[in-house]
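J.: Chains A and B, in that order, give the protein sequences.
All residue numbers for the first sequence refer to full-length UniProt numbering, where the first residue is 1 and numbers rise by one.
All residue numbers for the second sequence refer to full-length UniProt numbering, where the first residue is 1 and numbers rise by one.
Just to be clear, a hint being listed does not mean it is correct.
When chains are identical, the list treats them as one kind, so a pair holds in a single copy or across two.
[Claimed, not checked] Derived pair list, reagent style PhoX-like, types lysine-lysine, alpha-carbon separation capped at 25 Å:
hint, residue 1, residue 2
1, K601, K495
2, K224, K665
3, K237, K490
4, K237, K665
5, K510, K490
6, K527, K490
7, K527, K495
8, K527, K517
9, K619, K237
Because the hints were derived from the structure by calculation, they are not lab data.
There are 2 protein chains.
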Amino acid sequence: MEATRCLRLSSFILLLGFFVAVSWYPLIDHLISQPELLGCTTPWCTSKNHTHIPKLNKPPDTPLHPLDPLTIQEINKVRAILSNYEPFSLSFPSIHSLSLDEPVKTQITLSSMEFNKSIMARGVEFSDLSCVTPSPGWYGPHEEGRRIIKVLCFSSQGTPNFYMRPIEGLTVTVDLDSKEVVKITDRGRAISVPTATNTDYRYTAQDRPPEMDPINPISMEQAKGPSFRVEDGHIVKWANWEFHLKADQRAGMIISRAVVRDSETGEPRSVMYKGFASELLVPYMDPDEGRYFRTYMDAGEFGLGATAMSLVPLNDCPRNSYYMDGLFVAADGRPFVQPSMICVFERYAGDIGWRHSELPINGFQIRESRPKVTLVARMAASVGNYDYIFDWEFQTDGLIRVKSNLVVKTFKFTSSALRCNEIRYLRSIGRLSGMLMVKGSPYENAYQVPNREDMSGPMVSENAIGVVHDHFMTFHLDMDIDGYNNSFAKVNLVKEETLPGQSPRKSYLKAKRHVAKTESDAQIKLKLYDPSEFHIVNPSRLSRLGNPTGYKIVPGGNAASLLDLHDPPQIRGAFTNNQIWVTPYNRSAQWAGGLLVYQSKGEDTLAVWSAMNRRIENKDIVMWYTLGFHHIPCQEDFPVMPTVTASFDLKPVNFFESNPILRAKPNFENDLPICRPASSY
Amino acid sequence: MEATRCLRLSSFILLLGFFVAVSWYPLIDHLISQPELLGCTTPWCTSKNHTHIPKLNKPPDTPLHPLDPLTIQEINKVRAILSNYEPFSLSFPSIHSLSLDEPVKTQITLSSMEFNKSIMARGVEFSDLSCVTPSPGWYGPHEEGRRIIKVLCFSSQGTPNFYMRPIEGLTVTVDLDSKEVVKITDRGRAISVPTATNTDYRYTAQDRPPEMDPINPISMEQAKGPSFRVEDGHIVKWANWEFHLKADQRAGMIISRAVVRDSETGEPRSVMYKGFASELLVPYMDPDEGRYFRTYMDAGEFGLGATAMSLVPLNDCPRNSYYMDGLFVAADGRPFVQPSMICVFERYAGDIGWRHSELPINGFQIRESRPKVTLVARMAASVGNYDYIFDWEFQTDGLIRVKSNLVVKTFKFTSSALRCNEIRYLRSIGRLSGMLMVKGSPYENAYQVPNREDMSGPMVSENAIGVVHDHFMTFHLDMDIDGYNNSFAKVNLVKEETLPGQSPRKSYLKAKRHVAKTESDAQIKLKLYDPSEFHIVNPSRLSRLGNPTGYKIVPGGNAASLLDLHDPPQIRGAFTNNQIWVTPYNRSAQWAGGLLVYQSKGEDTLAVWSAMNRRIENKDIVMWYTLGFHHIPCQEDFPVMPTVTASFDLKPVNFFESNPILRAKPNFENDLPICRPASSY
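Okay, chain A solo, but in the shape it has when bound:
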């Protein structure tokens, strides 16, 4: 415990520079007024809505592990330090996020009148005004030296889905330091606020059931309870896995020190030191004045943890889930609880771990099959109109699946001038003012549009087109396969031609192994017609057969950024220039878009680090993987889209001596619970 405190104390000092630099007051400000905010007058403050949520454990007042998140006491300590710091004696800085630097690894045991007039001219009541403050990105020197936000507003009259009721064409640029309106752009004066009809997605607002036969209740049941346990609030133990799990204000959820038990010896073996969503880049594909800047970086600008609301029991997560709170910091440095923002649950989906049947011809009547049960750690960030669901799924065969589900409400409202408002928010700044006049009548269907080719996306509802956009999620994957020093090997499948007369075959594939020497060897663009496997191996630990132990990253469906490399958003988002990168471990290189991304110029991205071309062979290395989605919206996405999923796997390759789940037990009838409907109770 003393060692833990010592490590954590030293990490505090490192944090101070970060607080001073990152002080965008609008970001978390609003949270101060929330019920979850804790004044720290109670010894321990949990959120108030946990009635039906089973808590296996209460977070402790003192950290139990070096990797545990900050406690209330520690956050208050930081605040006290900052308050006593001379430059802050008059005005306390606003804080974007506060989290613990990881310990040194080798020690480790872890408002304007103009605006007001615009609003009034639209007939929108100020009480119905909902405004959001998307980040401005960086587009050349004219906004440098100022801390800028963009403001976009909506009417929430008649609907909670205010995103569907934009005050069209109005963008306000605000200087956060001088609190001045720098610029008001209003190109949608002729466009009336779209109707609220059919935009409410809440269950209580639906007037009829869907056109389908009802579905009887179905649930994953564990009459003997879940098999995992969470020790000391953060150490998750299940089957052959153990890992540290915590909420993080920026990354959302961090998995650390993932260790799997050897299937033969029972030895705990290191797989991953740390894994998390490091950055998200979301470029929209419209160069117009009100839209060009919409190229968000959700983790660094908004925070995946800061925007992760409580999960909904039985719907976001199944029965028998364990819920974990996030303990974050508001803009004034006071701690607050983000309740039940992570859930952990076991999953059986009717899938098969392995199977084999024999045709009975050889005298064997064999039908062997094993059910697949996995463990999932989940969170869901609601970054404005976006919901990102992140799953880390652990399998008993050693595989880790990282899955991202996307639910987006993304619309551009259109008229003859094709103006739009598809927006995110973080803070209500409705007290800003301006004036807007309605012009023109909007199109109701695609035939009315004079030049459909010029639309930045398809029509998805009356007066609404969905703007094409991308999502890129870059994951930090600090793999430590059986120890720190690892290598990155590309196992390339190449076509070999046979010699004349050698074989009736003309060609075959051969797997050729290349161990990356430096960072440039590990900058990978995936190619369907030049395929490879990508292994992180420990060259010092060989299997009994002489193969280096390893894990491979197995990409699933993916999408790449196609923007011009010299386009400002792509300069800032240069970490998406490749799908895979490998860098030497560097404790300060955690965030792919740089530590400070708001209005950043791309001077501190993964691409810049990798360009140093350092040696990465047999070293402590970090792999980065970018999962991409192209999104061409369609009608089904209105007013809220069904989830879209993509994933990648981290999979053992010659890590185990043989199939690690060979001896797994099948299901027998007597193992399964006896259930009856609750309504017959």
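Assemble the complex: chain A is given as a structure, and chain B must be docked to it using the hints.
T.: Same frame as chain A, now just chain B:
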């Protein structure tokens, strides 16, 4: 009913030519002796092992739907016709498969001493001999005009996993008509049969539990029963879906006439006329004498239904599954039941259909989330050492996910000469004879191998290397979106550059739509850096917004064939030259590798049909998609590998007017069952 009979009768005539042409006796011969085989003396014969399998319905003696599979009576009728056919009066032909041609669509309502010596010299008892008969492929003219099989043998002494005990280097080529051994190749005389140790994968053979904490029982429970029903034995109705499902001896499982109910009007709308796995190509990457020919076509050569053994309840399929038999035909024309080879079940895996939370800043306390429940139709073919699990998963949001899971035992046993035996079988022909002598001592680990670069794959166990190979599954997807006449549209995302001064952005993406005119326009190779969406649309049916109704195919992870286009296996497997093809509907073009694939030369493949370059715009069209896997084996694959999964989606795009599951009901506590452990009963 009369119309149904008339349609089916006319289809019989079409079948006759097929029976005569396809008469490879070894394929199903062995099944004659199986208990599931029906002598047709009972009016209805079900399989005997249905004790714990709920059957919602008994298959009828007479067909209820034009698409229903053949009945026992019908099979006997065919047999009688064939028996009375003059050329067969002396010798009844052996039958590969027998199934009903689909009705015209617009009518629809809907031995050798040498061998023996080899075996004896290896010390293998003949009673332990297990032989398999892989197909020979086509490798030039020298085997033309003969009906050839390859024979490979194993010792099953001490293990049911005889694949791990090859009689190494011995390949026997047999002429099926003359019943002559054409050739015996024996290049493994010095290699002793590998030990049986650690090769048995059966649960009963395991001496200890796996090195992991036990997992408490977990199951998907439906206390009120499943929500789907199966009418007339084959029509599956669930939520907003209805489709016809049947077992097929060649394709395994066929989904027909998939219809989804419109989310607003309740109107039943056509999505897919027919979908199934049309062919599987499995080329191994070793040009050696004993291996070059291993380029199997599993559907056409072996039959995915013929090799689909009964599913294992609670392990292959969850509780509350509905099981469907296959009714197939043995080589002598008699019908037999493939019991419980398809299961249908509802699935809740803790996934989210859609969700949205609001940060409370705008006064809305919103946390809406909907659980995702789906319907799965599953089968598992055991084509020798391979197990292929096929899932067709139907979602209430209109999405159809086609998922393929792979479990393979694939090994090449090696010695100084790197000989191998990684094999499939269909019939024991152990009575063939030959002679084999053991030569050389096998390597036990990679360091002993003089030239590791020459290995055709990595070592996966002592004396065993896993040969690199591919799997390609080509699906026939006869989409009928709101009717027969559809078009194929490629929505290409292209980078557009802005003009100087136009925008702070330099570039953005634009979606450009191209409607394919002819087949060549629809030959698609997927490209990460030249991405497109691929839509099947009905140009005659527009949404209220003016968008054509459609479905898109959404590829997931995939692999492409890299073999030389002039390589014999690639000529036969030319249907894998592209990932997507679109052809005009043709009732006789159902099998991507051709109707008769055994020793085929590639003269009747999808590639040949597509080369006709017919018009496909606003016509009845069929889409073909190939799902590929590259497999570089690893230790974890020994002795049986954990499942590997890949999938693609068929997803509505402007098919519904808005999110079809917007009004779906969330889960409430009172909906879910009350369960207790069975052991406390």
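J.: Are there hints from earlier that the structure breaks, and if so, what are their numbers?
T.: 3 and 9
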